[in-house]
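Peer 1: Take these sequences, add in the hints, and give me the full structure.
Read off the chains here:
There are 2 protein chains.
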Amino acid sequence: MEKVLEYIINNQKRHLEELYDFLRIPSVSSEEQHKQDVLRAAQWLVDDFKRIGIDNVRIIETAGHPLVYAEWNGAGNDAKTILYYGHYDVQPVDPIELWETTPFEPFEKNGKVVARGSADDKGQLFVHLKAVEAYLKTQGGLPVNIKFIIEGEEEAAESHIDEFIEHNPELLKCDSVVVSDTEWFYYGMPSICYGLRGIAYFEMEVIGPNRDLHSGTFGGAVDNPINVLAWMITQIKDRYGRITIPGFYDDVLELTQEERNNFLKLPFNNDEYKKDLDLGELNGEMGYTTLERTWARPTFDLNGIKGGYIGDGQKTVLPSKASAKFSFRLVPNQKATDISKKVVDYITKLAPPTVKVKITPMGIANPVLVDPHSTAVESAIKALNQAFGKDVVFMREGGSIPVVETFTNVLKAPVVLMGLGLPDDNIHSPNESFSIDNFYGGIKASAIFINEFAK
Amino acid sequence: MEKVLEYIINNQKRHLEELYDFLRIPSVSSEEQHKQDVLRAAQWLVDDFKRIGIDNVRIIETAGHPLVYAEWNGAGNDAKTILYYGHYDVQPVDPIELWETTPFEPFEKNGKVVARGSADDKGQLFVHLKAVEAYLKTQGGLPVNIKFIIEGEEEAAESHIDEFIEHNPELLKCDSVVVSDTEWFYYGMPSICYGLRGIAYFEMEVIGPNRDLHSGTFGGAVDNPINVLAWMITQIKDRYGRITIPGFYDDVLELTQEERNNFLKLPFNNDEYKKDLDLGELNGEMGYTTLERTWARPTFDLNGIKGGYIGDGQKTVLPSKASAKFSFRLVPNQKATDISKKVVDYITKLAPPTVKVKITPMGIANPVLVDPHSTAVESAIKALNQAFGKDVVFMREGGSIPVVETFTNVLKAPVVLMGLGLPDDNIHSPNESFSIDNFYGGIKASAIFINEFAK
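Going down the list, the protein sequences come from chains A and B.
Numbered according to the numbering used here, the first sequence spans residues 588 to 1042.
Numbered according to the numbering used here, the second sequence spans residues 588 to 1042.
It is worth saying that the hints were derived from the structure and are not from the lab.
Misleading hints may appear alongside valid ones.
Because identical chains share one entry, a pair is satisfied inside a single copy or across any pair of copies.
Straight-line Cα separation of at most 20 Å, EDC-like style, residue types lysine to aspartate or glutamate; simulated pairs [unchecked claim]:
hint : residue 1 : residue 2
1    : K696      : E745
2    : K667      : E965
3    : K861      : D799
4    : K902      : E619
5    : K760      : D958
6    : K943      : D863
7    : K1042     : D665
8    : K908      : D865
9    : K600      : E589
10   : K945      : D865
11   : K943      : D799
12   : K936      : E868
13   : K824      : E745
14   : K945      : E792
Peer 2: Structure below.
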């Protein structure tokens, strides 16, 4: 183990330079013009797997961008197997004018690499390749078998990895899945995430008169689709911040007192949170703290709305229709398909006879709660603690990583969310960055995890 | 008078062809690329005034498109003076794909001229020029003095005629203002409009967090600006369709029983109205009929709304802001400035401490009620009755013609809204049309009006 860690320290600079190379590829999966770049990033990974000594690596075509699959079975049939997940695609760079540097020319600033994809997820994923490299180059092998499944559609509208997992449970069979695509609670505070919220996303259209009308001629006699849409929106949450859809809370797992106490111990300050967002007051479900509201309580949010004339100046139109996109964040043990049905039923009943209402369910993902006491999580705690010399905290996150639930369900293996991001990494925003300390420390932690998990 | 009417009948075809020429000029005032066309339409009018024998005609520059002013004072100081108002600009043609013919190549179909501007307002305005022509060509003069003020900005975002009227009350001094820019209640039912609603238009912006947030990470703790905007909208009208703003109804003039009875006599059918608009149910202020709601009751309508992500697919954004455009239609004797203040006060008080709310008053116009018993209106009734051989009905309209209120206030002369449009003229829409019967009959009615009003 000492030699492995020594190798990691001695090769830090080179590893960082290799990451820079990886970051230079603009693998924006949602933009057609970057299709070749996405493929180039996949090929770059294949080449790197070969460089570190893994020849069993291949590109797997999907209906969209390909997957990269690699495995090393040298530890034998009796050894455990770790499956690593990550994604090599990145978010678009818009608004480009807000970047201080060129998004695909990595730049070091205040101890961070600034580049699109640095934290989400190239930097976090690359950590594990370099830990594996350290074993192979110093020991000629690892104490565990390893598999990597790396996708190129995590940031795209449509992803095919879930389908692939469902069709290939034998190939991906493992004793634990390691996912590094989450954040620490705070700088210098290594964190294990044990809960993610799910989501149910909808599009709704309210159709009134069969054509745009003059608001002078018709206003007062015809129900205005925007007014109706606004009213419907207000009927989904009550004044205490609770969702009013019948049965919505049926399967919600309440937080335990232990979890609530743990959340209270985290260094979180409502005033700083408000100040950062420039808000006069926060608002959410009555009876819960901000962390509880964002991590462990379901929500209802409008994501978009449009209707009528939205250009400059004024137009006296009574529009024919209005539409909205909205979503519910779900928490364990809500089931996205069940919630989706309840939402559609409720909206359908809510629709007044003055209009037609179309509701279309869009993406869904189930919430996830991982066992915080699995061997894999215990190994991750030791690894992060030793690599960073700090106590590890347990946290949840408010977002969703749909693939985590697929791994849990299909592979029946415990997932470890061993993220290395920081809250100020600006993922999905201009000036995305990744802490170089977390990159170096992450490689060490990954190597120690392998050693601990092998025991 | 007989010779005047005979002349009108003998010259109908030529008059229609002249109107076609006028309609061929694409004088779209709101589109920069048509600036020269707007000017060309003004010049065309100047030339036509000269053709009919009025040399005292000129183009008056404004900060926008010019006014055309013409006068004939041959009746002497003791004779009455009629001021005609109209507009030579037209609406844009979009959506062009819904036109059955080319918008600026007039086309005859089912007894109507199909062309942009045919009813609104070139056809209606041209009627009066041709009536004046009939007098000048057959009698060498008129029994009244006449003035024309014709604008090119009625369909533009900004209009300068009100300013011009306010600065030139002497020039425009008259005994009656004739405006033909309204509709008949029904085909074959000549109508005098005696009431118009006013308007107060606003733009509102609800600003929440200082940046777009990830709805997973922040959803549940931060008030969503779209949700807040929707809630605020629902606080402006109660479940009985009444506006909840304090003092909003203070100056509303209730309909008289006579008016309500008159409205009931008009051939109006709720079921046909619903069918035409493809609506399951109508909705409006409780206790009022559809005609009362659209003609004589104030309203609140959203004209546009936007916020967050409105493109294809889904984006899990908790947007930084949301905005709406909305307007109130006002009725006699509400004052638009008073209502504007009450709206701003109410919205300001309504704004919750979780967001910042900006409300911006935009265009306003006062409602108008003209004396249905003035000499001018009595003359118009006789003129329409004789020209069309039908009983004349009194009606109101739900829209606003701001300049009417300016005429009333500044010139202190009674206005006659002697419209010649029909409800199916498609003004502001594709396939705008103008009844040829109403064009021919309108010229006769205008000529008879001059004779009657001179008495």
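Peer 1: Now look at each hint and say whether the structure bears it out.
Peer 2: Hint check:
1. Taking identical chains as interchangeable, the C-alpha atoms of K696 and E745 are never at most 20 Å apart, the minima being 34 Å within one chain and 51 Å between chains.
2. With identical chains, the CA atoms of K667 and E965 are at most 20 Å apart within one copy only, with a shortest distance of 15 Å there and 100 Å across copies.
3. Taking the shortest Cα distances, K861 and D799 sit within 20 Å of each other only across copies (14 Å), while inside one copy they are farther apart (41 Å).
4. In this homomeric assembly, K902 and E619 come within 20 Å of each other (Cα to Cα) only across copies, at 18 Å, whereas the closest approach inside a single copy is 36 Å.
5. Taking the closest pair of Cα atoms, K760 and D958 come within 20 Å of each other only inside a single copy of the chain (19 Å); across copies the shortest separation is 88 Å, beyond that limit.
6. In the homo-oligomer, the alpha carbons of K943 and D863 lie at most 20 Å apart only across protomers (15 Å), although the nearest pairing inside one protomer, at 41 Å, exceeds that limit.
7. For a Cα distance limit of 20 Å, the shortest separation of K1042 from D665 inside one copy, 12 Å, qualifies, whereas the shortest one across copies, 115 Å, does not.
8. Proximity of K908 to D865 under the C-alpha cut-off of 20 Å is restricted to the inter-copy arrangement: shortest distance 13 Å between copies versus 34 Å within a copy.
9. Taking the closest pair of Cα atoms, K600 and E589 come within 20 Å of each other only inside a single copy of the chain (19 Å); across copies the shortest separation is 104 Å, beyond that limit.
10. In this assembly of identical chains, the alpha carbons of K945 and D865 lie at most 20 Å apart only when taken from different copies (16 Å versus 36 Å within one copy).
11. Taking CA atoms no more than 20 Å apart as the test, K943 paired with D799 passes inside one copy only; the shortest distance there is 15 Å, against 31 Å between copies.
12. Proximity of K936 to E868 under the C-alpha cut-off of 20 Å is restricted to the inter-copy arrangement: shortest distance 16 Å between copies versus 33 Å within a copy.
13. When the C-alpha separation of K824 and E745 is checked against a cutoff of 20 Å, the pair qualifies neither within a copy, at 30 Å, nor between copies, at 42 Å.
14. For a Cα distance limit of 20 Å, the shortest separation of K945 from E792 inside one copy, 5 Å, qualifies, whereas the shortest one across copies, 27 Å, does not.
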